[in-house]
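These protein sequence lines are chains A and B, in that order. Here the numbering used here = 1-based position in the first sequence + 384. Here the numbering used here = 1-based position in the second sequence + 8.
Read the hints as simulated data drawn from the structure, not as lab findings. A hint or two may mislead.
The calculated lysine to aspartate or glutamate pairs, modelled on EDC-like cross-linking and capped at a C-alpha distance of 20 angstroms, are [as the list claims (entries may be wrong)]:
# : chain 1 : residue 1 : chain 2 : residue 2
1 : B       : K66       : A       : E487
2 : A       : K393      : A       : E463
3 : B       : K69       : A       : E487
4 : A       : K393      : A       : D422
5 : B       : K69       : B       : E23
6 : B       : K66       : B       : E96
7 : A       : K455      : A       : E487
8 : B       : K57       : A       : E487
Derived CB-CB ranges, DEER-like [stated by the list, open to error]:
#  : chain 1 : residue 1 : chain 2 : residue 2 : range
9  : A       : Q401      : B       : N16       : 34 to 40 angstroms
10 : A       : K393      : B       : A24       : 33 to 39 angstroms
11 : A       : T438      : B       : S88       : 43 to 49 angstroms
Calculated from the model, a selection of chain B residues having no Cβ within reach of chain A, i.e. all distances over 12 angstroms [what the hints assert, rightly or not]:
#  : residue
12 : A25
13 : L27
14 : E28
15 : S34
16 : G61
17 : D62
18 : P63
19 : R85
20 : P87
21 : S92
22 : T94
23 : P122
All values derive from a computational prediction rather than experimental measurement. Beta carbons are placed, not taken as given, at the ideal position from N, Cα and C, and that holds for glycine.
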Amino acid sequence: NAGVTQTPKFQVLKTGQSMTLQCAQDMNHNSMYWYRQDPGMGLRLIYYSASEGTTDKGEVPNGYNVSRLNKREFSLRLESAAPSQTSVYFCASSSPGGSLTYEQYFGPGTRLTVT
Amino acid sequence: AQSVSQHNHHVILSEAASLELGCNYSYGGTVNLFWYVQYPGQHLQLLLKYFSGDPLVKGIKGFEAEFIKSKFSFNLRKPSVQWSDTAEYFCAASGYSSASKIIFGSGTRLSIRP
Numbered sequence: 385n386a387g388v389t390q391t392p393k394f395q396v397l398k399t400g401q402s403m404t405l406q407c408a409q410d411m412n413h414n415s416m417y418w419y420r421q422d423p424g425m426g427l428r429l430i431y432y433s434a435s436e437g438t439t440d441k442g443e444v445p446n447g448y449n450v451s452r453l454n455k456r457e458f459s460l461r462l463e464s465a466a467p468s469q470t471s472v473y474f475c476a477s478s479s480p481g482g483s484l485t486y487e488q489y490f491g492p493g494t495r496l497t498v499t
Numbered sequence: 009a010q011s012v013s014q015h016n017h018h019v020i021l022s023e024a025a026s027l028e029l030g031c032n033y034s035y036g037g038t039v040n041l042f043w044y045v046q047y048p049g050q051h052l053q054l055l056l057k058y059f060s061g062d063p064l065v066k067g068i069k070g071f072e073a074e075f076i077k078s079k080f081s082f083n084l085r086k087p088s089v090q091w092s093d094t095a096e097y098f099c100a101a102s103g104y105s106s107a108s109k110i111i112f113g114s115g116t117r118l119s120i121r122p
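Here chain B stands alone, though its shape is the one from the complex (with noise of 0.2 angstroms):
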């Protein structure tokens, strides 16, 4: 079955800190995969995505992706957290076909110490 998993349910870093939230996906075939940011209280927004190409994959706000496909992973990093930051951060994969709907995790809530 299709799943996306995020193994982290809560994250607290303190200001400065480097973070890096884990996901794992079970898709047969090719996947796109997506990380979207939910701030406190807003609808959800795209932070980045791959297709294809280049495995590292750079977002806004200083966020980047590494797709490592034999460990069916799609981790999120940032090298130095700001309390801005705090928010919830959804992973999701869709496959090739037109017809494959977008699966999301749980979220991981990431919240900032200042």
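Chain A with its partners taken away, still in its complex shape (with noise of 0.2 angstroms):
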């Protein structure tokens, strides 16, 4: 049972670069989410999918697109990279019943850096 897993660990872009960043979780949780950290901010909910099929805005989406492969999947999207998205990225899992209220289980990270 290896929880909410994230790659790549650490990726450098140049500025208009793609990239996309994956997320799977083995809890069959119905809730996923992409938070971005930065020093002094927390953490900010980028995008959320509710349940399978689903996708939601969370507070800072711009720039960003999110795909829910399947009931396990998250991938987030980085169309054109800009420096101002150079972050930690954290995906998240929560609960079986696809409440968005309980308790969250974090992946290790993502750190991002554009140049």
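Two chains, each in its own frame: build the complex with the hints.
As structure tokens, then:
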């Protein structure tokens, strides 16, 4: 039981390049989330998926897209990376019941640098 | 607007000192409250949570938190810290509606001097 896994762990991009961050969970959770963590700002929600087949914007969705590929996988895409997207990205999942209110389980994070 | 405030950005303590980290929330209606910890280089882990019942909640590693509804607070405490408690601590809140998302505070960095 691996919990929440993310790939890659580290990535360096040039401005304008694109990439996809992958996330998978093996806990049969319905809800999945993408956050970014910046110093002094805590975690900010980028996008979330309350259940398979649905996605919604969070607090800071601009410049990102997501795909809920199946119940296990939730990917985050940067179409044209900008230096402002330099951050640590965390994927999380929660609850077998579909509610968004329950505790979340986090992946190890992806440290992204955009030059 | 819904928000979670952690006013202490960086706390420095010596080993064996007592700890209290402040957390205040602004959330309409009934809330669920959480404390997460992030050790250096690691991902966030749940320390403890409050959903209902006894307002004094005990978590892992000797941590506890008290929900005081009248003060909109959920402060984290530990009577005697250890060097291994060095980490960043995040308070978070969510509503009871199934569509309510968890909102995180900005975090408090705790440094313990050996």
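For each hint, the structure was consulted:
With a C-alpha separation of about 16 angstroms, the suggested pair B:K66 and A:E487 falls inside the 20 angstroms cut-off, and the hint holds. This hinted pair checks out: A:K393 and A:E463 have alpha carbons roughly 19 angstroms apart, not beyond 20 angstroms. With a CA separation close to 18 angstroms, the supplied pair B:K69 and A:E487 stays within the 20 angstroms bound. For the hint pairing A:K393 with A:D422, the CA-to-CA distance comes to about 16 angstroms; that is within 20 angstroms, so the pair holds.
Between B:K69 and B:E23 the CA atoms are separated by roughly 15 angstroms; this keeps the pair inside 20 angstroms, and the hint holds. Pair hint B:K66 plus B:E96 holds up; C-alpha atoms about 19 angstroms apart against a cutoff of 20 angstroms. Between A:K455 and A:E487 the alpha-carbon distance is near 18 angstroms, which keeps this suggested pair within the 20 angstroms criterion. Of the supplied pair hints, the one linking B:K57 and A:E487 holds, its CA atoms being roughly 8 angstroms apart against a limit of 20 angstroms.
Distance hint check for A:Q401 and B:N16: the Cβ-Cβ separation is about 38 angstroms, which falls inside the suggested range of 34 to 40 angstroms. Between A:K393 and B:A24 the Cβ separation comes to about 36 angstroms, which falls inside the hinted range of 33 to 39 angstroms. A hinted range of 43 to 49 angstroms holds for the C-beta pair A:T438 and B:S88, which are about 46 angstroms apart. For B:A25, the requirement that its beta carbon stay farther than 12 angstroms from each beta carbon of chain A is met, with the minimum near 24 angstroms.
With a cut of 12 angstroms on Cβ distances, B:L27 stays outside the contact zone with chain A, its closest approach being about 19 angstroms. A cut-off of 12 angstroms between C-beta atoms confirms that B:E28 is not in contact with chain A; the least separation is 19 angstroms. Here B:S34 stays apart from chain A, with its beta-carbon at least about 15 angstroms from theirs, past the 12 angstroms limit. Consistency note on B:G61: stated as away from chain A, and its beta-carbon is indeed over 12 angstroms from all of that chain's, at 16 angstroms minimum.
Consistency note on B:D62: stated as away from chain A, and its beta-carbon is indeed over 12 angstroms from all of that chain's, at 18 angstroms minimum. Once the 12 angstroms rule is applied to beta carbons, B:P63 is consistent with being away from chain A; the minimum gap is 18 angstroms. For B:R85, the shortest C-beta to C-beta distance to chain A comes to about 20 angstroms, beyond the 12 angstroms cut-off, and the non-interface label holds. Residue-level check passed: B:P87 sits 24 angstroms from the nearest beta carbon of chain A, beyond 12 angstroms.
Against chain A, the non-interface label of B:S92 holds: every CB pair exceeds 12 angstroms, the least being about 19 angstroms. Consistency note on B:T94: stated as away from chain A, and its beta-carbon is indeed over 12 angstroms from all of that chain's, at 17 angstroms minimum. Every Cβ of chain A is farther than 12 angstroms from the Cβ of B:P122; the closest lies at roughly 25 angstroms, confirming the non-interface assignment.
Violation of the numbered hints given earlier is absent; every hint is satisfied by the structure.
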